[in-house]
Each structure stands twice: as structure tokens, then as C-alpha cells.
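S.K.: As given, the protein sequences belong to chains A and B, one line each in that order. Residue 1 is where the first sequence starts when you use the numbering used here, and the numbers rise one by one after that. Residue 1001 is where the second sequence starts when you use the numbering used here, and the numbers rise one by one after that.
No lab work stands behind these hints, which were simulated from the structure alone. C-beta: ideal position from N, C-alpha, C; glycine also. Some hints here could point you the wrong way.
Claimed, not checked - Covered stretches of chain B (in silico footprint by chain A; criterion: 3 or more residues with CB under 8 angstroms from a CB of chain A, positions within the stretch not fixed):
#, stretch
1, 1200-1211
2, 1233-1245
3, 1275-1288
Listed below, chain by chain, are the residues.
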Amino acid sequence: MKPLDRRLLRYARTTRTYLAACVTLGLAVAGLLIAQATLLADMITGAFLDSRTLSELGTPMILLGAVIIGRALVTWTQQVAAYRSSAAVKAQLRSRLLEHTVRLGPGWLSEERSGELATLATQGTEALDGYFSRYLPQLVLACLVPAAVLIWVLEADLVAGVTIALTLPLIPIFMVLVGRAAQRKMDRQWGTLSLLAGHFLDVVAGLPTLKVFGRAAAQTQTINTITGDYARTTMSTLRVSFLSALVLELLSSLAVALVAVGVGLRLLAGGLGLSTALLVLILTPEAYWPLRQLGVHYHASAEGIAAAQRIFAVLETPGQQVGHRIDPPDVASSAVRVEEVTVTYPGRAEPALQGASLDLSPGEVVALVGPSGCGKSTLAALLVGFVRPDRGRVLVGERDLAELDLDIWRRQVAYLAQKPRLFAGTIADNVRLGAHQASDDAVRRALQAAGASFVEGLPAGIDTPLGERGSGLSAGQRQRIALARTFLRDAPLVVLDEPTSGLDVENEATVLDAMRQLVTGRTVLLVTHRPALLAIADRVVRLDRVVVA
Amino acid sequence: MSSLPRVLAFARAARSRFALAVLTGALALGAAVGLMATSAWLISRAAEHPPILTLMVAIAAVRALSIGRGVLRYAERLVGHGAALGVLRELRVAVWKRLEVIAPAGLPEYRSGDLLARLVADVDAVADVFVRVLIPAAVAAVAGAGTVALLYWLLPSAAFALLVTMLFAAVAVPWLTARAGQQAERQLAPLRGRLSALTVELIQGAPDLIAFGAARRRLSLLADLDRELANAQACSARTSGLGAGLTALAAGLAGWAALALGVSAVRSGALSGVALAVVVLIPLAAFEAVTMLPPAVQHLQRGRRSAARVTDVLDRAEPVREPAAPAALPPGPYTVRVVGLRAHWPGAATPALNGVDLELRPGQRVAVVGPSGSGKTTLASVLVRFLDPSAGRVTLNGVDMTTLAGYDVRRAVKLCAQDGHLFDTTIEENVRLACRSATPEALRAALAQARLLEWVDSLPEGAQTQVGEHGARVSGGQRQRIALARALLADSPVLLLDEPAEHLDLATADALTADLLAATAGRTTLFVTHRLTGLEAVDEVVVLHAGRVIQRGSHAALIAEDGPYQRMWDRERAALDPAGFGGATQNRRSVN
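Construct all of the structure, not just a fragment, from the sequences and the given hints.
M.R.: And the structure:
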């Protein structure tokens, strides 16, 4: 895993400004550190060897105070910059992620993927905080400060400088070596570990079953044993993974000891002044400190790096090829034809639809039936432009749908999904989804037509707020509001994907009347497995399941 | 607030190991301070050009301390983690013992897998508090106190300055930061909540939004909100960043004060010149202890929330009162009689069952039907004593169930629940759960009765096939059949089948129902369902509605009678597929 992914710079431009700020502040930190060490060393020497009084040291004392305040200010500025840019970067990544998700469309956005993506867009981006506010500035410090300190110490005392120069590179080398060993051990034990960790959840989830079969009490001992095994396995992994911290601390403190003893002996021999010796002693730990802190923050950032990588993976998923023609034929006068279309979803072995053909004449209501899994919904999705044919084509009049700008094409399409989604907002907002400038009267008429006259009976009428997913309404009421949305859209092509699947028989009857109104004078594809709905169709087409040899 | 000390009491057994971890940790920090102090003395003394022999002890000490720090820190980490894992064990056993009493009726979490997973994660998080909060805090306190004492011995006034600055950085700064954080959070949380709600809506509602051309507008709405959030965060950044700045200031001031006081003390003769560097460098090294605290505070807040949720579970009321001296389980075969039964779920105001009468005689099969929410599952829960009646009686051969131990009741009455759990192990292990001592023949017979045998034999690994977490590697229908085979293998005197076909598509559901009815012929069975197909095979059908029995009789009599059952039956018929295209459904999930 790279400490700084270049893609972060590409996808979130604020990162560049932030990195520049980190470098500037890092240089300031290094400068102030050296200034502080020099002032301390000089003043200690002055007071000890030259018997200076506090008043004689007045100027350097004030300077030291200024340096201390300066360091505090730089630290504070660093934090402020970190919080600000991490907020900006999160916003940039999130909006890019969502934009790209919309571009990839529902064909790509399967149900399990959408759950994962929602987590990524909310909690995943938040996890970047640790990376931006702690790890990244520390990474910059870990590059700048040791270098600056090293140069300064080399200048002051060559031998001490060489000692640091020789031990510093050992740290990354040993870290990598130990890290690899730890990783190998982790890899070997990972299976066991996650198995043991998962076991507790498994038995807790199955507790009612265990109780039924009288086995719950016996599990206490098992849990004790398994958790004991878990502890043992974890400890043996930790023994190795803590080694990297051990190496880091040993190397840095051994280096301080080497420098201190070396400087002391040369001072004794008279080859060195006290103030230089103290300067070197004060500076040496500072060369290692940022590296040690980097190790501490590494774990805080790992989650963020992982989230960022998952975000990049989504952003790098190529979107559909989009057509650019903005002159789709009018569905009111042109037929819609599906010609020998085959669709295979990514990651699936078998095609969802194979060589399917279908003709929709203008104003015709076609019902599509067939066993579940035969590709009915895929065919519906083709017409809305959610999926594209791998082979074959969809024609509108004489034009291939692939050549058309889909946003423009969809203006002629009204779509009612199996489980239409209602959004938080008022009922009117939801009905207006596809026609956001429609008047209140138009919304009321659409609701009336959809058989949702119950809305008028609500105290706030069409301005009644809906909870998330339309909570507060029954399934039938939700479906009728979604249907009103389709009415208001007033499109010549209507695609209905199992519009009554979630309804009981009574609700279905109400929706059916409304639907009869909707389909009049429009071209309609109606996917269903409910016989009641077939009554409104001009023609019933049966789709068979793909047979794979 | 009070929940954390309660769960921390689980650490009592590992007390000495925690003390050892704190001691080694404090010594490690002490070694770091000692390294700087001894080095400073060594260099200062060397400047006076004494004979080298006078420095030998200091040289050896510097070397020893430099090695000691790393090694001691390593030891602290190992000892601390080991002790915390020990606490995890105690906690898990305690939570398990409590869950065993209250599950499933006393814990609504059982209806949501997510909440249950969070509970388990909370137990882990509480154990984490030890290594991430308590040990670092104790180490910082002990090492800090030791350093102040060392400095006091050299120069009391400098020790006082160090104490004040360290307390400021260790107590006041985290307190201020936490306050500022809470204030910012109050402002940011609603924005963040709206943002994440809109984000989730956008992703989950993408098909509707895109189809209706509303996605762009949503995206720009989200972008506006995100900008608003970023601006608010930028405003709060000034206060949030204060903590780190103040800590740096405190560390610097400690060094500055030590230098000023030290210089005066050298002048007045209260401090030898050689010790001046020691007095100045000790505070600089000592502040390492403080840097361990901010992460500890963060983990403390998280740990506190987890502890509250864990203690909440430990404190849940018991849904069933076990008798102090349980009556002996009468010998079978059993007649189960339910008289005027009322039952409430914990915390519910209205009863889920309100005056239900029922009799199940040996060898008889009774079906309980009704819409969801009519009380069917509640009835099944009462019959296995997962829930006590609030009024009325349930008897087993005339013995009131509440006088029997729950364990004994479940020896006589077995429940195959609608979401029967499959454990992450083999098919055989899952079925054998019912009866460890079952012969291979009995196992195969149970699999055959559940119509699984052919499928199991077709698998490359047969009954040794792993079913995956929650049975994820087998299809929904097969999951239910495995649970059924388990219930059949138990060969329980009374069997309750609760909506075994609930989550399946109609064709699979009806096939399973038919097999269930065939497999339970001649067994005392209560069959809870909302589908009526196949019920002509049972002896009696009881129709529940809102916790009351509204109709009862044979299937044939009920469909002939004008009433709710007939209406349900007609609706079910009407939904059946005249063209026959709803036929068999392909199973996309299968064992690999």
C-alpha cells in the first residue's frame, strides 16, 4: 500500500494545496526545532560554564519564548489546515463518487452493491479524516524533519551526524522486514482468527435455535474455549507485529545513546564544545520522533486509505458509452423494437437475456410474462436505457437507442419500478420527481388519476411530509403515489415493471383502475406475473428463461 | 457514565496483569526520560574534564536505558493485550449467559442481524478500552508522577512548573477539546445526518431518479449540502485544532520555565551547574507521556457508548420466569391445551394474543393461519416458553407450563422457526444439533423426509458440505429444509413449524409445504402459516386475527363457510397463475 496515492491528487484537487501547506509548515517546524535546540544549548552552556545570570540571558530567553509560541502556532495552523482540507477532500470525493455512480447507472448498481456504496459514500469518506488530519502531515514531517536535523547535526559535529545518517535508514529497512514477517504470520493465521472471531456472532445469532434443542447451556464452555483459542492465536500474531514497534524504538533510543556517549567522550577529550554537544543531544531524538509518530498514526489512516482505494476502484469503473444524438424519434408515432438482444451482467456466467426480440407499436399495450429469472426486468431496463445490449439493438423508429443521448431519450419515458422509491420530502415533491415545475393543480390531478385521492383527506394534503422511504403510508398508498409520478411525467412510452407485485388483492384492484387510465393512448411495456393485470394489455408476450447448455 | 465501571469490573481476575502492564509501561517511559537525563548529565560532567572513570557508570546507564525503553514497551504491549483478551473471554461468557436467559423474546435485536452484530462488536470494543484507554492513562499518570518526583529531588520549583504544565496538557486540554468537539458536533451532526440520508437515497433510489431525469438536480442539491458542511467544518476547525497547539505550548513552557528557574538556581547555588542540563531536558522528554492521552480520550468516548449498550443487554428484563422448584416433566405422548391465553411482548402496550383457546392432542395436526401481525408467532413462542402468558394457561398433559423448567418444556415441544438459524458448519453438523447420538441411518431418514437426501447426495462433499455464514451458500428453500430435517431428527413429541415457507417464492413455498405435511403425518404438529394451500391435510384450522381466534374448523368446512377464511382462500386462488407461467423458479443460489 502506497503512503500517498497519486490518484488522491487527481481526484481531490484540494490535496495539492494541502500538501503544499504541510510542506511549508513542516519546514517551519524543522526551523523552529533547530532554533529551540540552539537557544537551549547556548543558554545552558552560558549559565553553567560562563556563570551567566538570568538577566544577562534576557534576550535569548525572550527569543526562546517566541520560538515556543511559534511552535504552538504552527501546530495549531497545521491542525486547522488539516480539518479544513479533509472536509474539502471528503466533499470532492463524495460528489465525484456519486456523480460517477449515476453515470454507471442502475445496470451496474445491483442491490448488494448499492448497500456497499452507500456505506462507502458516508462512513467510508469519513474514515479519510484520520488519514488527512494525522497521517499525511506526519508523513511530510517524517521526510522533512529528519533531513533538516541531520544536516544541522552534520554541520555541528560530523561523527554524531554520521551516526544518525547510518541509523536512520535502518528504520525503514527493518520496518519493512519485520512488517513482511508479520504479514506472513497474519496471512497464515488470518483464516483461523476470523473463524474464531466469527464463531461468537454465529452462536449468538443461533441462540434461539440452540435453546430449542437444549444446547444453549453447553455452549458456555465452548465459548470459553473458543475465546481462549482466539486469545492465544491473536497473541502469537501480536508478538510478531509488535516487533516492528520494538525495532523502531530500539533503533531510535540506541542512536541517542550512541550519540550521547560519543559526544561525551569527545567532549572529555577536548575535541568539542559543550554547547555543540548539548545541541546534538537535544536534536538527535527529534530526528527519530516523527518516524515513531508516523507508526502510531499509520493504523488511524489504514482505514482511510482502504476506503480511498475502494472509492478509486469505483471511479475507475468505465461508464457506459453514451450516445450524443439529441433528436430521438417521437414514440407517439414510431415503433420501439428490441432486436435479438443479449445482455450479460458483469460477473455473471449466464446471460440475463439471450436473443430476445420484441415489437411495440405506437399506442400498443404489451404485457410481458414469464418465469422469474427469465429476463423480464432486464428487457424493461433496456428500454429505459439502464442496461445496454451486448449483442443486438434497441430501435426507436429507425434509430438505435445506443446513438441517443439518454437524458433526452428518457424525457419520453415514464418508468414504474417493482419497488419504487419514495424520497424524504412532501408527497407533492415525490409526484413532481419527473416534472419539477408542475403546478399544485397538476399534482392533484395526477394523484386523482392514480387513485390516490386519500391524499386530499390528509390534514396537510399534498404537502404532507413523508418519512424515509415513504414511511407512514401503506404499501398500496406508496404505490399509488409512485403511479401519480408516472401520470405527471406524461410520457408517450410507459414501462411498468411488476407494478403491483407488493400489493394485496384489494389494493391491486384500485391500482388497476388507475393503470387502465394511464395506458390509454400510450405505448406500454407491462412486466407482470399477476393475471389481473393482463386484462389491460392488448397483447401478451411470453418470455422463456435462458437455457444454458 | 456508570456503565463503564460496571463492565470494567470484569477485569478483576486480570488485575495483576494489568498492574504489570502499567508498571512496565511506566518504566519504559521512565527509561526514555532517564536516557535524556543521564545523557545530559554525562555531557555536562564531561565538559568539566574529569577522569574518564567517573563517567563509566553514566555511560553504562545510558546504554542500558536505551535498550530498556524499547524492550519494556514491547513487554507492556504484550502483557496489556493478553490481559484484555482475558477480559474479553469473561465478558463474552457473561453476555452469553445473560442472552441465554432473555433470548429471543427479551431482545428485540434478534429481529435485526445488524443490531446483533453490533452487540457482538460492542463486547469487543469494551475489551479494547483496557489497552487503548486505561493502560495508557495509568502509564501516563505513573510515569508523569515519577518524573515530577525526580525533578523535585533536583529542583523543587522546576518540578512544580512541570506538574502544572503537565496537568494543564493532560487534564485541561482534553477537557477543552472535548467541549469544543461537542459544540462543533451539535452544529455538524444534523448537517451530516441530512447529507448521509440524501446520499443513501440517491444511491438506493438511483433507478427512479435517473428514469425521471431528476438525478442531476439531486446531485447538485447534495453538492450544495456538502459545501455547507465543509464550510461549517472549516469554522469549527479553529477550535478543534486548539488542543494540539495548546499541548505544544505547554511542553515548550515547561522547558522554558525549567531553564529560567534552573539558571537562577545555579546562580544562587541551589543547583549545581552540571545538573542544569538535566533539569532542562527532563521536561522536554517527559511530555511524551502526554501525547498518549488524546487518542485514549477518543477511545474512551467510543468505549463508553459500547459499554452502555452491553450493560443495557445485561439489564434486560427476563421475558420468562423460571420456577424456583420446577415440576417434573410428565411422560408423553402429550396433549397441549391453551386456555384463554393472553401474551405481551416485553415493552408492548397491546397484547399480541388476547384470549386464545386451542387443543392439540397426540397425533393431531393443527394449522394456525392469519395475516401477519395476528399473533401466530407469539403463540409459537409461548408454547416453547420463550414468552410467558400474561393471562390464561398453557398446559402439557394438564401440568401448567409455567411450573416446568423451560429446558424441560423444550424437550417435549420443539420449534422450527421461520428464520431457523444455520450455523457456519456442515449440513450434517447443523442437522445433528438436534440429536448428537443419531445414527447415520436416522440422519439420512430425516434428510429424506425433508426431501433433501437426493440433493445432498448429489453434492461433491455430501452432508459434509459447508453451508456458509447464516447458510448463505445454500438457497432459501434448502435452508428451510435443513432446519426442517433438524426438527424431524429431534423426533420431538410435539413439533411447531412457524412459517417455514415465509421467505420463499410461491412455487418453492408450496412444494415445501406439501413436503412438510407429508413428513409430519401422524406427528403431533402445530403448523403456523399464512398460505392455505395444502391445509386440507390437517385436522383443524384455527384462524387468528388481531390476537383472537375468529374461525376454526376443518379446511373443507371453512372454505364452504362465508367468512375470512373463504376470502383468504379465494384471494389465494385468484393470485394463482392460470397460464401456468409462474411455474418453477430457478434457484440462482446453490452450493458451489
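S.K.: Could you run down the list of hints and mark each one as holding or not?
M.R.: For each hint, the structure was consulted:
Only residues whose C-beta sits within less than 8 angstroms of a C-beta in chain A count toward coverage, and the stretch 1200-1211 of chain B has 12 of them, enough to reach three; the restraint holds. Interface restraint, the stretch 1233-1245 of chain B with chain A: holds (11 residues with C-beta to C-beta distance below 8 angstroms; minimum three). A count of 6 residues in the stretch 1275-1288 of chain B with a Cβ less than 8 angstroms from any Cβ of chain A is obtained; the coverage claim is therefore met, three being the minimum.
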